[in-house]
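Novice: Quick note, the sequences are listed as chains H and U, same order. Here this note's numbering is used: position 84 in the first sequence is 84, and no number is missing along the way. Here this note's numbering is used: position 470 in the second sequence is 470, and no number is missing along the way.
FYI, nobody ran anything at the bench for these hints, they're computed from the structure. For glycine and all other residues, C-beta sits at the position ideal for the given N, C-alpha and C. Possibly wrong hints are sitting among the right ones.
Below, a sample of chain U positions facing chain H; criterion: calculated Cβ distance under 10 Å [claimed, not checked]:
no., residue
1, E62
2, V68
3, E76
4, A77
5, N208
6, Y209
7, A233
8, L234
9, D236
10, K246
11, G294
12, P405
13, V408
14, T437
These stretches of chain H come out as covered by chain U in the derived footprint (C-beta under 8 Å, 3 or more residues) [said to hold, decoys possible]:
no., region
15, 110-124
16, 241-247
Restraint-style ranges between C-beta atoms, simulated for each label pair [stated by the list, open to error]:
no., chain 1, residue 1, chain 2, residue 2, range
17, U, G402, H, R151, 22 to 32 Å
18, H, K173, U, G247, 34 to 44 Å
19, U, A348, H, S111, 45 to 55 Å
20, U, S157, H, S111, 30 to 40 Å
21, H, S159, U, S111, 55 to 65 Å
22, U, A349, H, G160, 58 to 68 Å
23, H, K245, U, S157, 56 to 66 Å
Here are the chains, one letter per residue:
2 protein chains.
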Amino acid sequence: MTSRHMPGRSRPGTAILLAAAILFAGVAAESKAAKVSAESESTARQLIEQGLKDDLAMNLIESLTTEVGPRLAGSEADARAVQWAVRKYRELGFDKVWTEPVTFRNWERRSEGAEVLGEHRQKLVVTALGGSPGGTVEAEIVRFGSVDELRAAPAGSLSGKIAFVDTVMGRYKDMTGYNGVGSARSQGPSVASQKGAVGYLMRTVGTNYSRVANTGMTSFGEGVQPIPAAAVALPDADQLDRLLKKGPVRVRLALDCGWGGEVTSYNVIAEITGSKTPREWILLGGHLDSWDMGTGAVDDASGIGITAAAAKMIASLPVRPKRSIRVVAFANEERGLIGARQYAVAHAADVAKHVLALESDSGSGRLYAFNYSSAAEGGPFLESMKNLMGTLGIEHAGGAGGPGPDVVPMAGKGAAWAWFGQDMTRYFDLHHTADDTFDKVDRQAIRQNVAAFAALAYMAAQYDGSFGSAKK
Amino acid sequence: MTSRHMPGRSRPGTAILLAAAILFAGVAAESKAAKVSAESESTARQLIEQGLKDDLAMNLIESLTTEVGPRLAGSEADARAVQWAVRKYRELGFDKVWTEPVTFRNWERRSEGAEVLGEHRQKLVVTALGGSPGGTVEAEIVRFGSVDELRAAPAGSLSGKIAFVDTVMGRYKDMTGYNGVGSARSQGPSVASQKGAVGYLMRTVGTNYSRVANTGMTSFGEGVQPIPAAAVALPDADQLDRLLKKGPVRVRLALDCGWGGEVTSYNVIAEITGSKTPREWILLGGHLDSWDMGTGAVDDASGIGITAAAAKMIASLPVRPKRSIRVVAFANEERGLIGARQYAVAHAADVAKHVLALESDSGSGRLYAFNYSSAAEGGPFLESMKNLMGTLGIEHAGGAGGPGPDVVPMAGKGAAWAWFGQDMTRYFDLHHTADDTFDKVDRQAIRQNVAAFAALAYMAAQYDGSFGSAKK
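Could you build the full structure based on these sequences and the hints that come with them?
Specialist: So this is what it looks like as structure tokens:
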């Protein structure tokens, strides 16, 4: 059990801290039951204090969104983002930095437009859904209040028409609004095609009354004819509603976009090597890719900045934590968690060694809740976290949350996950739109995020117990 | 003096009101000095009460912005707008409706784009300034904090460069913010060209952090080489600032836009014929054209709706007012008050008969102040207006304001003007952008505007005295 006492790398003037660490670790070892050391908790409090003054995360967010800008997975800019992440992680002095290849089919947007035809002719602001084929269609639109209404349309009833699914999204602190309307994007086009529609329009899944529309992936089921599919900005969806009250509305939808050949991008991984059990990992994830219209500031440069800054603070402690901490900048989250799936395949043998996995991918709002996958695990850890997170205004929400998107594949294989509830009230003003730019990032909230991520990651890395990870 | 008692059109059940009108009018005639009758004031109070429940203005705004949509002067949509105005004014039952031709050079936007080149390559959101020539230029940008800084640049120092004027606009209730930066749009391109610049970019004159840029006219002085000139959305201007801190920035600016041949549009005029002095007019103006990206809801469908609805309430009174009221939907305000200049030429002989002229062209915010051109005129009128406007939260602001844009040409010839101070706090989020759409119009504020315009127009039409109009 001596490895338990390995201090990792030390710095001058840390002798007292080290002595305390050894003492507490010894006590824990004797008691057998997992517990949280007072020394770890004290260090976590230091991390919180430091995090609340942290500007590294903001600097990283600024750097990625400015120097690289939009970085659609598979694009030339995505390749620059990978180089950026490798360079930054190295500069930050993590113990190891490496990349793992992720191969997927390319999809790109070249141009897009729509217009109302006839006596009220005028342009509409639309954006192609990711995965849409290109093509130009001119047809009358048929409005449905929801995907369920669309599903209820008789077979063939949309022959030669453009379906228009017009579900209004509410503004909430959490995912409630999105959950209610997301199927309009993910499933609507496929359903419309099966009813004979030649094109698909939907009220954008967003809460922003600027002339921006939210992109995001759609897919067509096996054997379903892909049709051009686009989101309509909120003012334009309202305009279609008003025009429909005046009579039939014909629309021309012209999308130049579509799938290309295979391309390779990379998950970029940085590691702080644990002092006691280096082959047990706490995973902090964000995703490096973004949609192509904004600069992906809240989705997800913020996650990249928060996780790197949190890990950097831990790496700067005089002693390496017991477990390793991995920061993963996932490739191609936006087109289907492609990097995360690849990671789960590549590291399938180590699922049980991924002690706890956590992603930051809900923007740049303040955190207000936390939870993790199994309340049956980590009792003393939970008590300690309640205290620590309480100082940041983050309450334990038992039963709430779930794995972040890029944690889903590993969680599916049995890895335990942690979760933070993040204030998303403004998130869907920006998500997947041209408006997702650096100016929208809230510096104070980012600091709170960094503090919380650092404290949680450190405490999990120090905790003697398990969180329930086991290969399924 | 019998014409003074002419009741115009009457309706059943109005005998008592008419008798009172005749009585008060008789008293006024005997006293010689101009005064305001208690009956007029009582009617004005009715108009205010009615106006605060008015939905006609909103219906007109909705109709124009939905059925016609964007209506750049000289475009096919502008012609539809003229037809719309003629039809609506006729439907509203004004005594006369006619058009007066306005001829001007066409300018149109076809496409526009910009991108940063080199290692940080990414697209920028820009919009061509009205009057810009088309063209594609690639060059390093040189930043100036203001047009004054640009003016101070040595001759020839911008040879082969793109000038970037980067003045931040503040958010104010009035025009303060705009006044400080408007010259970047009106004069900047011309100054830049004279210094040798091949292109011009400016931080957009606006307060909206969405990815929209504000267009608006610029012009090049006599003998100055026109260069492609565009406004950069606020997030993109910030992005250029950050990139400039990292090194030289090369930009490709590609505008397809420019001047065409002569086209003819129309001022559309509706009149309520006065019962006593039909050849004396109170003019209520708005402009029918809009920029081409939004649907011109606050600029200036609101003005069209407010003035028509205010006049319609007066036209619905049992008795025509003493003076005539003209509602003018001016053509091509946006490219230089072209319709208003034409009106001033066509009606130059009648300047002194334009007793008071007022425009609604500051959006859809609440009114908070009023004033008119000469405090020396209309004393009793002023006292009465203070009372009436006070009920709407509108205070007299002596010395403040000026003629609305389309009133300027007539005011220049000697016509008296009235002015309302309108809350413009949110106006420059929308002005000349794609975001100027119907959803931004504030129904309650529009009602307050209608009430105030109706009361002021009616009182001015009833007032025995002058406001100082005289041919200069």
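Novice: Any hints this thing doesn't respect? Which numbers, in order?
Specialist: 12, 13, 17 and 21
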